[in-house]
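Asker: Following the hints, complete the assembly by docking chain F onto the known chain Z.
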Amino acid sequence: MRRQQVVGNRQQATGNRQQVIGSRQQATGSRQQAAGGEQQARGKTRRRATAAALGVGVLALLTGVSRAEEPPKLAFVVGKVLVMDKADTVINNAVVLVSGGRIERVGKASEVAIPQGYRRIDMPRHWIVPGFVDCHNHTAGSLSDLNDMVYLSNPGLDTLNTVQPESDDMWMARAGGVTTVLLIPGSGTNISGFGTISKTAGQSVSDVVVRSPGSIKVAQAGNPERYWWGVGRMFMNFNTRQTLEKAQAYHEAWAAFERGETTEKPAFDPIFDGFRGLFRKEFVASVHTQIYQVVMTTVDMLARKMDLRTVLDHSEFDGWKVAPLIREALAAGRSIYTIQGPRAYHLDGTQRKIHGNAARWWQAGNPLLGINTDAPVVAQEQLPFQAAMGCYYGWVPYEGIKGLTRIPAEALLLDDQIGTIEAGKQAEFGVWTGDPLDTRSACEMTVIGGRIVYDAGVRRRW
Amino acid sequence: MSVRQQRLLSGSPWVSGVAAVCVALLTAAPAFSQPPPRPRPGGGPPRSAPPASNAPAENEPKKDDEPVEPEKEFFFAVKGGIVHTVSGGDLPGATILCRNGRIQAIGTGVEIPKDAEVLDATGHHVYPGLVAFRATGFHSGSDPSDGTDVYSLNMALALAAGITTCMSGDTVAKLTFGSVEDMIVRKEPLVNLNYSTRSPDARRRLRESLDKLVDHLRKVEAYERESATNKNAVKPDDKWIRGEAEKHLKLLKGEASAEISADRAHDLYQACELADRYGIRIVVRGAYEGWTMAPRLARSGVSAVVTPRARVDLDERYVRPTGSSIENAAILHNYGVRTAILPPGLSVSTWGVVGEDLTHFNMEAAFAVRGGLPQEEAIRGITIDAARLLGVDHRVGSIEVGKDADFCITDGDLLHYMTLVRWTVVNARVAYDKQKDTLFDHIRPEGDRNAPPPNDYWPRRLGSDWEGPPLPESRPQTGR
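From first to last, the protein sequence lines are chains Z and F.
Quick note, the first sequence lines up with residues 1 to 462 if you use the working numbering.
Quick note, the second sequence lines up with residues 463 to 942 if you use the working numbering.
Same shape as in the complex, but just chain Z (with noise of 0.2 Å):
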């Protein structure tokens, strides 16, 4: 509101259409109340029940089918485990318990009794790796809403009401060891709504959505260039800073309301009340952004000036060389992880190299860097093939699959449910075959929430 007063004739116009989404949204908002309300009677307490958009009544349908069984009680005997941990910790001939859908302990099978009334898993030559997290997904719901260029920025749009459990993709993602999704609008629009972060199976929603907003998508150059004549970066840039000074403004009211610093309650917004979660650091921008100069722009003024968890997608091309920036943004204490992809290399035509971008941002020491698919621009299940391509253009393998598993975890704000092979976590892992980067291994089963929802060996998918 404040940047709306400096602003010229053609901003004011962009001012006033946002307007007008805004009275749409208020009658969707007001219908959805109800779905709302009716939701909570149900006992689903959702962080952000009010400003969801269109189609939560098909929602509340859904969630209310859910499993009843309780997690099977599992004993893994592996050939290795791969716990992912900050040690570093790798343990040789190992047994993993699995019970309410939580790891119960991990250990060498020499030391770890499989007690009573546990089903042994003999896979003695196999290994068990976290889950991996993608992300970057656009698969997870369905495709034909990715992306819905209705403004230049819509931020009241959510993903959650395209999340569609059980469908093809989610098959194969499984099969491929990918657990955690983050579904994401298109980057279509400098704003185009909340991500939502999905597991990979479950038959309903309230099953596979683990948090809704998980992120919120920004878009910089490339993409939403494309919306109309005349969107450079330069507008966009001012588009996606005066939406979120915006949303923070709206945020910084409600604070002081709720502090009880001033008894003038704010009136409601439904386009920015999803953001007070992204200030509060609940959750983080995923930004489309790529090329040295916009990632820069991205570290700037995202991560260092308002202070927002950052995931940096893409960050392709000669993007490695903010590296030190980003450096310096950590030491500084801001948040910025850079999951890296889908494309694994660049070709500098001038030197006539080819860089792989995973390696020269490692090479440069950015000590927070994963892997995506950008599915379906990489199908799903080929998340850890990504890796092993980031490795065959110089990265190390170690790096690539912390880069699939603890990484992207800790980037969600998903580091204590998930990540990792250790007691207390969710059982949630691939008992893979070999090195899971290499492409002959395979995986043989995946587990996610203590159950065991791919098999190989009832039918193999991937």
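Don't read these hints as lab results, they were simulated from the structure.
Glycine included, C-beta positions come from ideal geometry on N, C-alpha and C.
Mixed in with the good hints, there may be bad ones.
[Claimed, not checked] Ranges between beta-carbon positions, derived for each pair:
(1) Z/Val231 - F/Glu650: 44 to 54 Å
(2) F/Asn912 - Z/Val150: 44 to 54 Å
(3) F/Arg761 - Z/Asp416: 26 to 36 Å
[What the hints assert, rightly or not] In silico contact screen, one side only, chain F against chain Z (beta carbon under 7 Å); selected entries:
(4) Ile574
(5) Met825
(6) Val831
(7) Tyr879
(8) Arg911
Answerer: For chain F alone, kept in the frame of chain Z given last:
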């Protein structure tokens, strides 16, 4: 006696040309300012010598000093590597000796002639050059040896993937980087047929054409029998056999194989029936439902070119098994269907999304291993089996005596994701050397995983092994 004098002495230009070559063979090799062109594999005069039939006319300006190449043996040897012959097991430390572009001997006790060019592959793996059943963008479409840019980035990238031979357009051609010599291996080994249920008209026309030709062949046979006794026997008219019919005749005579794009089971069955009915060799491309009917394909002798990674979801409208399977190649192999492997993309792309085209040809074979195909068989799918389906397995696809000296020499197991091609040899010539090309030289030089990022040299094109004038001081690394 000079060549010119020889030409003057003999009246006929044809005779003079042949005589010139003879003389050149007899006289000692003159001193050349330029290195002489390499003799062609299999003998014959090098291309730089004027072909005999085109010998210059008598009154042409003097060309006496024009060098005429003597026939000279050229030896090339690869030593010290682990040789994976593909057709005859693995031979650690064996030497491969090549003479005039062909493999002459393989073994540990092979003596290398003094003047041989030797490639020391110690610590490396030597595979036959990879054979892509089909590729685009490496050669020009119509006539590879006339229109191909032999210095193109695409060709360099394909060589960096270990590919030495591919089917481009209707020609099997080699990736002879920097040269057009001996590029063509075979022309038109395949006849493309449209035999899909989606184009019933084309199917009907094809069967009609084949029926007509079968009838014609019977008549020819009858004529040949009859003409032994009856001088007045009338030869059947064959003037109408032109264009498509001519190609179809090649199929019936076994001179070419048919290539049919067929993915789903019903189209694959149709291909089998076509093979049974006319006794023609058929290669089906795609065949993602091949795993559902592998015994049928095997019985009809139909071969397949598959993409193990192909993903087609199952079709619930059918009662039979549908959709793709990662086990496709393994199942086809188990039933004895000869199977070649191709990635989803048939060129090399440079836009950054990788692993899906011929830049990582070996990875598609690795996906077949994931689906249960033994490693050796998967490697055959990108070498000898692909060569066999193209009808060029007498020349390429394995390391055997008498075959072309085409090698892909890697720094590790061919199907491992971090394996880089170190050298690619085509016709006994190093066509790609990772440390001399700038593309990959900075990635794990000499196997060093922790090698620092490359310096940003200026001028940039020269690369780290530049042997010319010294490079200026490298600029401070941007971003470091």
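Asker: Each hint: holds or not?
Answerer: Tested hints:
Separated by about 52 Å at the C-beta atoms, Z/Val231 and F/Glu650 satisfy the suggested range of 44 to 54 Å. Separation of F/Asn912 from Z/Val150 is about 49 Å and conforms to the stated range, judged on CB atoms against 44 to 54 Å. Between F/Arg761 and Z/Asp416 the Cβ separation comes to about 58 Å, which falls outside the hinted range of 26 to 36 Å. With a cut of 7 Å, the hint placing F/Ile574 at the interface with chain Z is violated, because the nearest CB-to-CB distance is about 34 Å.
Interface restraint check: F/Met825 against chain Z, minimum CB-CB distance 5 Å, threshold 7 Å, status holds. Because the beta carbon of F/Val831 sits about 4 Å from the nearest beta carbon in chain Z, less than 7 Å, this interface hint is met. This hint holds: F/Tyr879 has a C-beta 4 Å from the nearest C-beta of chain Z, less than the 7 Å allowed. The criterion of a C-beta within 7 Å of any C-beta in chain Z is met by F/Arg911, whose closest approach is roughly 6 Å, and the hint holds.
In this structure, the hints that do not hold are numbers 3 and 4, in rising order.
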